[in-house]
Amino acid sequence: MEKIKLLIVDDEEEFAATLAERLELRGFISKGVSCGNNALEALASNFSPDVVLLDLKMPDMNGFEVLIEIKEKYPSIEVIMLTGHGAATGGKDSKERGAFDFIMKPVDIIELTDKIKSAYQKKESNPGKH
Amino acid sequence: MTTALKKKLTHFLSIAFFLMDKSRSYRRFRIMFSGVMFVIIFAPLVVVTALSSFEYRELLLKEERTQLHWNAEGAQKTIEAFMTKLTSVVKFVSKDRGCDDLLDQYVISKLLVNLKEEYPGFVDLGIIDYNGIQQVYAGPFRLEGYDYSEQDWFEKVLAREVYISEVFMGFREIPHFVIAVSFKVPDKEEYWILRASIDYEKLQKYISTINTGASKDIFLVNRQGVLQTRSNFFGEVLEQYSFSSMAEKGKISITESKLDGVSYLKAYVDIKNTPWVLGIVKEEFIHGKEWSSFQFRRRLIFIGCSLLAMVIIYQLVNFVTERLRESNEKRDLLMMEAEHSNKLASVGRLAAGVAHEINNPLAIIDQKAGLMTDLFEITGDFEHKEKLIKSIDGIHNAVERCKVITHRLLGFARRMDVVYERIDINALLKEVLGFLEQEALFNHIYFEFVFDENLPMILSDRGQLQQIFLNIINNGMDAIGHDGEMVLTTTLKDNTTIDVSICDSGPGMNPEIIKRIFDPFFSTKEAGKGTGLGLSITYGLVKKLGGHISVDSEVGQGATFTVSLPVNFTQE
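Chains as they are written, first to last, in the numbering used here: chain A, 3 to 132; chain B, 461 to 1032.
Chain A on its own, in the form it takes in the complex (with noise of 0.2 Å):
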């Protein structure tokens, strides 16, 4: 089976590191990128990964911004938020964008790595634009 490819977009880049070394051991493919301007420049580059997770407070571009740029451009590409707001202001409104789930640092293993695989699935069965 192919391996997913993981793009994590975090400002904190030790979370973001160890992130995914952990994800790598559980056989995703993970790139860590610490805001959202080289974000968007790792996805113009020949990196294409199928789900991206990506932190909402962040100081360049906040995620929201992000997330309508990747969608706009990269619509197949699945994104997952990773917020610690809390669901009332972060999450619903980011679902309505686009976004395919959010999660709740510190984030839980297990859950992440189920609602990954729940992302490729719905990409993997969308046809969808490059």
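Be careful, since some hints might not be right.
So the derived label-pair ranges between C-beta atoms look like this [what the hints assert, rightly or not]:
#: 1; chain 1: A; residue 1: Glu4; chain 2: B; residue 2: Glu908; range: 49 to 59 Å
#: 2; chain 1: B; residue 1: Glu908; chain 2: A; residue 2: Ser50; range: 27 to 37 Å
#: 3; chain 1: B; residue 1: Glu908; chain 2: A; residue 2: Glu16; range: 39 to 49 Å
#: 4; chain 1: B; residue 1: Lys953; chain 2: A; residue 2: Lys97; range: 51 to 61 Å
#: 5; chain 1: B; residue 1: Pro971; chain 2: A; residue 2: Glu113; range: 53 to 63 Å
#: 6; chain 1: A; residue 1: Glu16; chain 2: B; residue 2: His1008; range: 52 to 62 Å
#: 7; chain 1: A; residue 1: Ile70; chain 2: B; residue 2: Lys953; range: 41 to 51 Å
#: 8; chain 1: A; residue 1: Lys97; chain 2: B; residue 2: Thr957; range: 47 to 57 Å
#: 9; chain 1: B; residue 1: Arg488; chain 2: A; residue 2: Asp95; range: 27 to 37 Å
No farther apart than 20 Å at their CA atoms in a straight line, the calculated lysine to aspartate or glutamate pairs in the DMTMM-like style are these [claimed, not checked]:
#: 10; chain 1: B; residue 1: Lys863; chain 2: A; residue 2: Glu113
#: 11; chain 1: B; residue 1: Lys732; chain 2: B; residue 2: Glu615
#: 12; chain 1: B; residue 1: Lys850; chain 2: A; residue 2: Asp110
#: 13; chain 1: B; residue 1: Lys863; chain 2: A; residue 2: Glu16
#: 14; chain 1: B; residue 1: Lys828; chain 2: A; residue 2: Glu16
#: 15; chain 1: B; residue 1: Lys863; chain 2: A; residue 2: Asp110
#: 16; chain 1: B; residue 1: Lys828; chain 2: A; residue 2: Asp13
#: 17; chain 1: B; residue 1: Lys828; chain 2: A; residue 2: Glu15
#: 18; chain 1: A; residue 1: Lys59; chain 2: B; residue 2: Glu817
Hints listed in this document are in silico derivations from the structure and should not be mistaken for laboratory results.
Since we're looking at a predicted model, the values are computed, not measured.
Note that beta-carbon positions come from the ideal geometry of N, C-alpha and C, so glycine has one too.
On the provided structure of chain A, position chain B as indicated by the hints.
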């Protein structure tokens, strides 16, 4: 009302409110307000009554003088007419008979008899020659041959045709006066005198009849102040009394005087062709009936109005002060609520901020620990592997606990927005209790839940419900202090309402306290502890959500607060 006046009034009121504000003394306000009202009501009242009294007084004053003037004038005319009549009788007698006739004793006696029949006052008649010797005489005295030439009236009567004398004591010790007319003896160029004496009683009687009820006294005096007729006040006929003002000829003079504390008006007018002055004495109006009844009525009205005004002022002041107090308290409450709300918002923001700050490092700890666990799983055995795995589990658990706390804090911060949603009350209560868990455990307060599991979800605002129940449970816990129980019960009251009751095992409340428990600023805690706002804010919130809150308690039996909430509440 002019703008200037409006401004003044507003200015005044704002000072009043300012004073009251600063001093928080409703008593002072009451006094000041009462004072103002008092002045406003009494000033015009006093002015009007004083003015009307004054005006009326002036009127009466003028009127009585006018009246007296007329009385005097009338009396003067009547007396003059009377005297003219008497004089003309005597004149007629003199003219009717020839001199020779008159010199006959028989004739003159007959004349006297006839005169007396018509005019009973006549006493005697006599003819006096130009030398002053009385030639004939008819009457009770022996005056034939009497010499009158030395008497000054003799000269006067020869000068004028008619002479009326003063009243004087006659031979019989009876006062009388004399009318003398001179007539020309036809053949001789001489003037003889016909003299008639008249009993003063006639005059007196006449004067008495003129006296109208209005005057207290009416009398005649001569220019020296000797009474010519009896006076009620000044004495008997021929007595002297102090006669200060000389009546101007023909003019009526009116003066005031006081006798034994009573004020009188006196009018004097002289009687033409006589040596007499008419005096009328009248009591001043202030002793009269009209004035006293006016005074009485005036005072009655004044007192009546005053009493009414006092009552009105009292009621008005009370009413206004109460409204003021209410409105002030309401305002204070609102301000406190706003402050409270503000504080809460700040705390909320703080909490959210803290939670966020902590979340990130927490996430890192979590992930690192997780990584460690992952790596251990693929590593073979090594020394202390068991211990290390256990330690990492411990870290995970600690992180879990932190997670719960931060999520709770974030939940707390969230509730600033009013959002209506379907809420499971039982769950919400448990959630609220979560906030207070530590404190409850620390104080040995145990909670029991008696929940109706089939309670419908109600439409309401989560945040406000949390605040309501938080307040009430907090209150209960404060009441208990240490070692006690609280029972939370939920029931379906009817199709549209659910009841939540919170019962504590505290000391309970007496009826006085129960009555005031939801009042703002009312607190049973000692000064400095608690604002006394919790329950009043709670009351307001419950009402806002369309519900109702009540309390049941007895001293020594704890307290039960019951909140009834509508299942489907919609704001109008």
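Next on the checklist: Taking the earlier hints as the rules, which of them does this structure contradict?
Outcome noted: Violated hints: 2, 4, 8, 9; rest satisfied.
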